[in-house]
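Student: Residue-level listing of the chains:
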Amino acid sequence: VTVDRPIITLLTDFGFHDSFVAQMKGAILGINLHANIVDISHTVDSFNIRQGAIKLGFCYKYFPPMTIHMAVVDPGVGSDQRPIIVVTDKYYFVGPDNGIFSYVYHENVENVSAYHITASHYFLKTKSSTFHGRDIFSPVAAYLSKGVPHEKFGERIEDVKKFHIPEPRVVSKTIIEGEVFYVDHFGNAITNITESTIRRLSENHGKTSFEVLFNGRKIQSRRYYSEVEDKGLYTLLNSSGYVELFVYRGNASAIFNIKVGDNVGFILKKI
Amino acid sequence: VTVDRPIITLLTDFGFHDSFVAQMKGAILGINLHANIVDISHTVDSFNIRQGAIKLGFCYKYFPPMTIHMAVVDPGVGSDQRPIIVVTDKYYFVGPDNGIFSYVYHENVENVSAYHITASHYFLKTKSSTFHGRDIFSPVAAYLSKGVPHEKFGERIEDVKKFHIPEPRVVSKTIIEGEVFYVDHFGNAITNITESTIRRLSENHGKTSFEVLFNGRKIQSRRYYSEVEDKGLYTLLNSSGYVELFVYRGNASAIFNIKVGDNVGFILKKI
Amino acid sequence: VTVDRPIITLLTDFGFHDSFVAQMKGAILGINLHANIVDISHTVDSFNIRQGAIKLGFCYKYFPPMTIHMAVVDPGVGSDQRPIIVVTDKYYFVGPDNGIFSYVYHENVENVSAYHITASHYFLKTKSSTFHGRDIFSPVAAYLSKGVPHEKFGERIEDVKKFHIPEPRVVSKTIIEGEVFYVDHFGNAITNITESTIRRLSENHGKTSFEVLFNGRKIQSRRYYSEVEDKGLYTLLNSSGYVELFVYRGNASAIFNIKVGDNVGFILKKI
Chain A
1 VTVDRPIITL LTDFGFHDSF VAQMKGAILG INLHANIVDI SHTVDSFNIR QGAIKLGFCY
61 KYFPPMTIHM AVVDPGVGSD QRPIIVVTDK YYFVGPDNGI FSYVYHENVE NVSAYHITAS
121 HYFLKTKSST FHGRDIFSPV AAYLSKGVPH EKFGERIEDV KKFHIPEPRV VSKTIIEGEV
181 FYVDHFGNAI TNITESTIRR LSENHGKTSF EVLFNGRKIQ SRRYYSEVED KGLYTLLNSS
241 GYVELFVYRG NASAIFNIKV GDNVGFILKK I
Chain B
272 VTVDRPIITL LTDFGFHDSF VAQMKGAILG INLHANIVDI SHTVDSFNIR QGAIKLGFCY
332 KYFPPMTIHM AVVDPGVGSD QRPIIVVTDK YYFVGPDNGI FSYVYHENVE NVSAYHITAS
392 HYFLKTKSST FHGRDIFSPV AAYLSKGVPH EKFGERIEDV KKFHIPEPRV VSKTIIEGEV
452 FYVDHFGNAI TNITESTIRR LSENHGKTSF EVLFNGRKIQ SRRYYSEVED KGLYTLLNSS
512 GYVELFVYRG NASAIFNIKV GDNVGFILKK I
Chain C
543 VTVDRPIITL LTDFGFHDSF VAQMKGAILG INLHANIVDI SHTVDSFNIR QGAIKLGFCY
603 KYFPPMTIHM AVVDPGVGSD QRPIIVVTDK YYFVGPDNGI FSYVYHENVE NVSAYHITAS
663 HYFLKTKSST FHGRDIFSPV AAYLSKGVPH EKFGERIEDV KKFHIPEPRV VSKTIIEGEV
723 FYVDHFGNAI TNITESTIRR LSENHGKTSF EVLFNGRKIQ SRRYYSEVED KGLYTLLNSS
783 GYVELFVYRG NASAIFNIKV GDNVGFILKK I
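The listed protein sequences derive, respectively, from chains A, B and C. All residue numbers for the first sequence refer to this note's numbering, where the first residue is 1 and numbers rise by one. All residue numbers for the second sequence refer to this note's numbering, where the first residue is 272 and numbers rise by one. All residue numbers for the third sequence refer to this note's numbering, where the first residue is 543 and numbers rise by one.
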């Protein structure tokens with residue numbers, strides 16, 4: 001199946017300083033001039049596969065069906081680590097088998113399969129041992145975007161590497177224990193407590209609100225940032241469906257010293 | 272009216288570290304696969320609406336007619352602040368009603384109208400209270416790019432929020448008093464004294480040159496940067512039509528401690 | 543000759559903070575709505591022409607034939623420095639005549655010609671003395687992408703400015719003396735000793751391996767990064783065909799204080 005202007009997204013830890021990303025874009029366009037290449041981010045912290053997995057998890061589902069998501073945070077490049085294609089009912093994912101697609105697996109348990117890329121006739125002729133992003137993943141994504149079926153690139157595999165994704169712990173009918181798993185550009189601290197977990201919890205409680213416990217303090221919730229006027233710490237349900245700690249027009253992480261891994265409590269309150 | 276490959280530009284304070292920009296691009300492409308998305312800048316200082324307005328003001332007019340400019344520096348997101356479309360004879364602008372389009376109004380006094388976006392059936396279904404960039408502005412820009420008339424998105428409004436834009440003060444027939452309003456990446460300090468003001472002033476003076484007074488010193492003018500060989504402070508009329516202070520191959524702002532808001536005098540000289 | 547979706551790449555020292563890059567993209571799209579603009583890098587160190595030349599050299603050849611590469615690191619803009627088009631058998635290059643295309647000349651000795659851009663009717667009407675990137679190079683690239691023959695823009699010239707590119711010195715049948723010429727985003731230090739030099743050297747030696755001498759120490763070679771497990775300094779032949787010094791999951795340049803210009807020895811070893 002082909003689409004009119006196939007989208008290939010790129011997520012890497014290559015930064016914008018060098019020409020690595022440009023080499024990949026050149027390799028893709030050399031195979032499919034009609035590919036619409038969209039940068040997700042190239043500023044994943046060097047070698048931080050988990051952070052790359054989270055960034056991809058935050059955005060892949062906003063793209064139209066048939067989008068090909070390429071993710072290259074790949075410190076193990078050149079070793080016996082497998083290059084893979086992951087397929088869900090809506091998307092393709094291309095990258096190394098090192099956990100970078102953990103959130104894709106986590107959120108598509110029923111509809112996900114993976115393929116070990118071995119069909120080397122699709123690879124770039126300059127194939128090196130240190131830049132699969134350019135030599136393997138770019139051409140594979142480009143050929144996928146031209147309609148080559150994903151089964152053509154290699155055998156199906158079942159033992160894809162996945163990170164453990166820490167789930168919040170339901171402590172009681174109104175209390176959840178979670179943790180901060182990402183801090184964004186504005187300093188907002190995002191916890192692993194999700195809207196769907198809250199909905200499950202609040203099913204038998206009628207109309208509810210919530211508070212967060214952080215560092216021994218109760219943090220009040222708001223619906224949006226500018227509902228607050230002071231520089232205190234507040235919490236809201238953010239645009240990705242996660243409970244988030246924030247300071248209005250301020251950097252919550254810096255001001256209140258909040259880091260990835262910090263514990264947070266969540267308390268459901270009847271209104 | 273539709274164009275072949277409609278352009279949607281993006282200006283935000285979201286940075287490139289997170290997936291916010293990618294979520295917006297996904298939302299746009301989900302509605303119009305043919306949109307040509309062009310990044311203006313995503314490094315506006317967090318929440319700095321005025322800086323965003325200036326950056327947009329510097330570049331919007333270089334794009335072809337029918338371009339849709341989306342600007343999302345939006346600390347007030349989720350409050351009763353209105354989402355708006357601003358329409359000039361050449362362009363569409365989509366974003367919050369918080370002053371971000373002040374320069375557009377300033378430069379299009381005769382040909383500008385605004386519409387309060389209320390037609391929520393165009394919004395993304397995942398609509399959140401904290402990310403109108405993705406949930407409202409992106410789909411509205413995408414539907415505009417598909418030819419939906421701007422009147423379909425809501426009622427015309429007259430009371431759009433605009434910053435006061437400090438105008439240079441004409442002190443005498445040869446002297447203007449202005450101020451620095453932007454410092455660029457190279458450290459060049461851009462003043463609010465424009466080519467057109469100078470032209471009006473010099474109409475009855477024949478051939479003229481100029482000097483700038485900064486911090487009690489007279490600054491000589493040049494036509495281009497490399498006309499200078501030393502590391503002194505000079506001034507020229509820059510590529511956007513503004514009088515600018517510069518150091519050749521150096522950072523004028525850092526070396527001479529020039530900041531936004533600093534006063535400058537402008538002296539017209541006969542040649 | 544025209545292609546379906548002509549590619550124009552951009553390499554500048556303009557950063558992403560200002561609107562300079564957006565002004566260029568607007569100018570290009572104003573002439574050719576079908577241009578596919580690809581950013582190579584906008585974070586060349588300010589005014590560092592040599593660094594820009596290296597970055598362009600690393601990636602231009604991965605793009606499909608007919609790609610137009612625009613490079614604007616241009617501290618001499620406005621002076622009598624010439625705007626030029628460089629043409630190889632595969633690509634066009636547009637930018638200032640200041641050495642930015644040195645690697646293109648170095649690698650295309652047989653198939654390269656240059657043209658002095660003088661046909662000012664192709665320039666942007668707002669032509670300034672300080673922003674040829676927008677006013678000259680962008681429209682010239684855009685018209686090239688529409689099929690205007692390169693000869694139309696001006697006369698052929700022979701005296702294009704080129705940097706001296708330091709070549710490694712062959713000291714004996716098994717020893718080469720080279721230097722570090724680039725440090726990438728990960729801190730890998732790239733030397734000017736290339737795969738082809740090594741191949742020439744090893745022709746009569748059968749199967750070979752190599753070591754690098756740096757700072758009085760012998761550095762062992764590996765095939766890929768993760769073949770190493772400790773944090774020592776190693777060397778490999780990188781994906782661009784250069785000998786490179788690296789630390790696995792670490793910043794070699796920072797840890798071992800390696801800088802551009804540092805000498806390295808190369809020793810061929812029989813296996």
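By construction, these hints were calculated from the structure, which means they are not laboratory data. Only a predicted model underlies this, so the values are computations on that prediction, with no experimental measurement involved. Cβ coordinates follow ideal geometry from the N, Cα and C atoms, glycine included. Treat the hints with care, since some could be wrong.
Below are the EDC-like pairs computed for lysine to aspartate or glutamate, each with C-alpha atoms no more than 16 Å apart in a straight line [unchecked claim]:
#1 B/Lys540 to B/Glu482
#2 C/Lys667 to C/Glu652
#3 B/Lys332 to B/Glu378
#4 C/Lys669 to B/Glu482
#5 A/Lys90 to A/Glu110
#6 B/Lys361 to B/Glu381
#7 A/Lys127 to C/Glu737
#8 B/Lys541 to B/Glu482
#9 B/Lys398 to A/Glu195
Simulated coverage check for chain C against chain A, where a stretch passes if three residues somewhere in it have a Cβ under 8 Å from a Cβ of chain A [said to hold, decoys possible]:
#10 582 to 589
#11 631 to 642
#12 681 to 690
#13 703 to 711
Chain C residues, not near chain B, derived (Cβ > 10 Å throughout) [what the hints assert, rightly or not]:
#14 Phe558
#15 Lys567
#16 Gly568
#17 Leu575
#18 His576
#19 Arg676
#20 Ser751
#21 Lys760
Student: Hint numbers the structure violates, sorted upward?
Tutor: 2, 4, 11, 12, 13, 14, 15, 16, 17, 18, 19
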